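Protein chains: 2
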Amino acid sequence: MSIAAAIKSLQTRFGDKVTQNAAILEQHGQNEAYFPVTPPDAVVFPENTAEVSEIVKICAEHHCPIIAYGTGTSLEGHQLAIKGGISLDMSKMNAVLAVHDEDMDAVVQPGVTREQLNEDLRATGLFFPVDPGANASLGGMTATRASGTTAVRYGTMRENVMALEVVLADGRIIRTGSRARKSSAGYDLTKLFVGSEGTLGIITEITLRLQGQPEAVSAATCSFPDIESAVNTVMATIQMGIPMARIEFVDEMMVKGFNLYQGSEMPEVPHLFVEFHGSPNGVKEQAESFGEIVADMGGSDFKWSDSAEERNALWKMRHNAYYAHKALRPDAHALSTDVCVPISRLAEAVNFARAESERLDLMVSILGHVGDGNFHCAVSFDPDDPVEHASVKEFLHNLNQQALELDGTVTGEHGIGVGKMKYMADEHGEALQVMVDIKKTLDPLNIMNPGKILPMN
Amino acid sequence: MSIAAAIKSLQTRFGDKVTQNAAILEQHGQNEAYFPVTPPDAVVFPENTAEVSEIVKICAEHHCPIIAYGTGTSLEGHQLAIKGGISLDMSKMNAVLAVHDEDMDAVVQPGVTREQLNEDLRATGLFFPVDPGANASLGGMTATRASGTTAVRYGTMRENVMALEVVLADGRIIRTGSRARKSSAGYDLTKLFVGSEGTLGIITEITLRLQGQPEAVSAATCSFPDIESAVNTVMATIQMGIPMARIEFVDEMMVKGFNLYQGSEMPEVPHLFVEFHGSPNGVKEQAESFGEIVADMGGSDFKWSDSAEERNALWKMRHNAYYAHKALRPDAHALSTDVCVPISRLAEAVNFARAESERLDLMVSILGHVGDGNFHCAVSFDPDDPVEHASVKEFLHNLNQQALELDGTVTGEHGIGVGKMKYMADEHGEALQVMVDIKKTLDPLNIMNPGKILPMN
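Residue numbers (this note's numbering), protein chains in the order written: chain V, 1 to 457; chain U, 1 to 457.
Pulled out of the complex, with its shape left as it was, chain V reads as follows (with noise of 0.2 Å):
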């Protein structure tokens, strides 16, 4: 029982799809959050269901953990081996293994990235809608409930994944869900699957919900003179019904920062950048309805476009939000962290944020998918200097405080990671035990992801 011997029953099986190299160890040690590398022991590269769960049975026998590993992208360190083991890099796994266009419904492998389906999905009219930004792996996305700057038309990961193969602890293979859009037959295992940040099972195939390609797209910016006039604009936006595809926020030191890192002129205030999904007509009046809003609520600098090439300029800089907000200071380190609260609290919570990062005399910028109330701050630091990574310690722990006391939830899209586990008592009280005993009960050795989401001990 220990991970030198399920490494050498798996080199025995496997050959050279096992790895110890240390370049390759190293690499999926890394985190774009702010951890120590921490890398496995070994890497295995699985190619096929069968072989995932012939793996997963060495390291039952040997009590080793398992990590999946999609890109590593994701921002709270769900992929670092803290407690050793293998990281199971699923990217071999990366077909797109159906596409069903009249029921508008793809099956996919984990490796597969977001980009990589949307390149293959281009010919049917149809798209995969959830985008967090980076190119991660639909199995990533899957495990850490991914969503990002579209959720608040075509939701979160929660809401696309409609079935999935999963392989249990133990190596059996499961399917939950099915292609039909609702089901009322049982317990709801696909969404359990969702968001397990890989510590219940290995999912080995995704079932996600596709969407028509809108027939016209248009998007505008516009700039307020505080948060709570941005907030209330979109507040009335939703409540009137205009079916926003992106409605994101930018604070003054984000702008700052896109000023910066492009050479642009941008008043230096709030700003909301949107889009909008429909008919030709349609996105002509719901912009129009917009810019009224907009107006009423005090807004200015309303400007809406239909060019292409406008409209991926403007989501190519909100994308470039983490190098705009380094360009704010070239020389330190940056990290991305995220809550979500009731939307009617988040003028709240983002000017309790500002007025954190200004008492702590840190460098912060603050955006957010303000339509469903979750925002972000990136936070520059020097990881040497322990005043300073003190005081992001205490910022990000009162930011998460504040999230809750709002009523809100310590990550809307990010996920817990190592990073946010320390919240888990205090944002579900009484039921972190019912996560524990399912967490024991589908995974008795806790070999899954073990250190992450929950604390077991």
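Fair warning: there could be bad hints in the mix.
Chain copies aren't distinguished; within one or between two, either way the pair holds.
Pairs of lysine to any residue residues, derived as SDA-like cross-links and limited to a Cα-Cα distance of at most 25 Å, are as follows [unchecked claim]:
# : residue 1 : residue 2
1 : K303      : H333
2 : K57       : V436
3 : K422      : R172
4 : K284      : E215
5 : K57       : E430
6 : K316      : E32
Treat the hints as calculated values from the structure; they're not laboratory data.
All figures in this text were calculated on a predicted structure; none of them were measured in a lab.
Guided by the hints, dock chain U onto chain V, whose structure is given.
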């Protein structure tokens, strides 16, 4: 450890809130399906969560079954006391606890009915969209993962329940989810309890998403020479992104029933009944686009109207489908069943149901939430005629098996109850054991609605 001892203890603690009145017991053992009356040993009427917790603790002490009871309108015998025990009637827990209009959510007790909630919301400009036809309790709708005519646009209870308070099988009270629109903080316990049919815990509070009342609403009807052309119309409509609020199919037999029941003269061929929500221009454009698709697909008799009176008459007719079907054979009983398949297989599934009804000489009307691939069969039969009773059973069995062969589910919205337990293994395979393991973890004494959903032995 007996039911009698539990009831004695409950009477001591709760006095008049516990009844063994024969008429009330009988009423709580009734069902709208085809099962014999199966009353509980007592009915208890809790008034708050603390009382529910106390009741559950007393029942746990005595291993006494507990069956949550809403309005008794479920269709697969969910509320039957097949192992005896107490019926927990939630009708006194019927307060709307909060309406957060800025956040577009409401917090309700489980005994609130959907019509009561919508009545309460009238002045806010908001409404709760899920509409299964019956004026069911929101607790029951949550427990059975209900949906109905508007699910194609607004989703089912799965998408519309944001958070829950639940009393577990040992009396502990937990909260799942929050009022944040999305979260990646741990396992999705909310979705685990939605659709669990009272087998994992008692739902005592529900936070629901609301929608803005559409500025304009219009409705349309059209007819088709066959089911294929009706289904092709639906597929094209959804692929084009026309945001249908309702899109309902009725077959020729159902139309015959409507004509008989209400003295109308609709052509006795397949029909679609649809509704559009949006801005005044938006619904006009949607209706025109839809009309073009209908014409392309060989449909006719396309009529649309923005008159509220005509629209209400249309949906009243649709909601009276059960009585209209009964009018076809007034002396017989009628049951309603449902299955759900990928929409590309819908025509095949409906044609199969029609052919089976003819082969078995049964009177069957078919109608459905065709945008979701979900359809109902209303079946007339004489319960005292053993040959006809056997034919009904054969029809239902073949209908369910066919749904599974077509990659669908044995129930899109009615639930499993006792009626469809026999198909759970066929639908879920190895995953059924995972459901059983979760049930055993959360309800080790098997006192929460025992004998429903899962075969536990």
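These are the hints, each one checked on the structure:
1. Taking the shortest alpha-carbon separations for K303 and H333, neither the intra-copy value of 34 Å nor the inter-copy value of 63 Å comes in at or below 25 Å.
2. Taking identical chains as interchangeable, the C-alpha atoms of K57 and V436 lie at most 25 Å apart whether they share a chain (22 Å) or sit on different chains (22 Å).
3. Proximity of K422 and R172 under a CA criterion of 25 Å is satisfied inter-copy only: 23 Å between copies versus 32 Å inside one chain copy.
4. Proximity of K284 to E215 under the C-alpha cut-off of 25 Å is found in both arrangements, the shortest distances being 12 Å within a copy and 17 Å between copies.
5. In this homomeric assembly, K57 and E430 come within 25 Å of each other (Cα to Cα) only across copies, at 16 Å, whereas the closest approach inside a single copy is 33 Å.
6. In the homo-oligomer, the alpha carbons of K316 and E32 lie at most 25 Å apart inside one protomer (20 Å), although the nearest pairing across protomers, at 56 Å, exceeds that limit.
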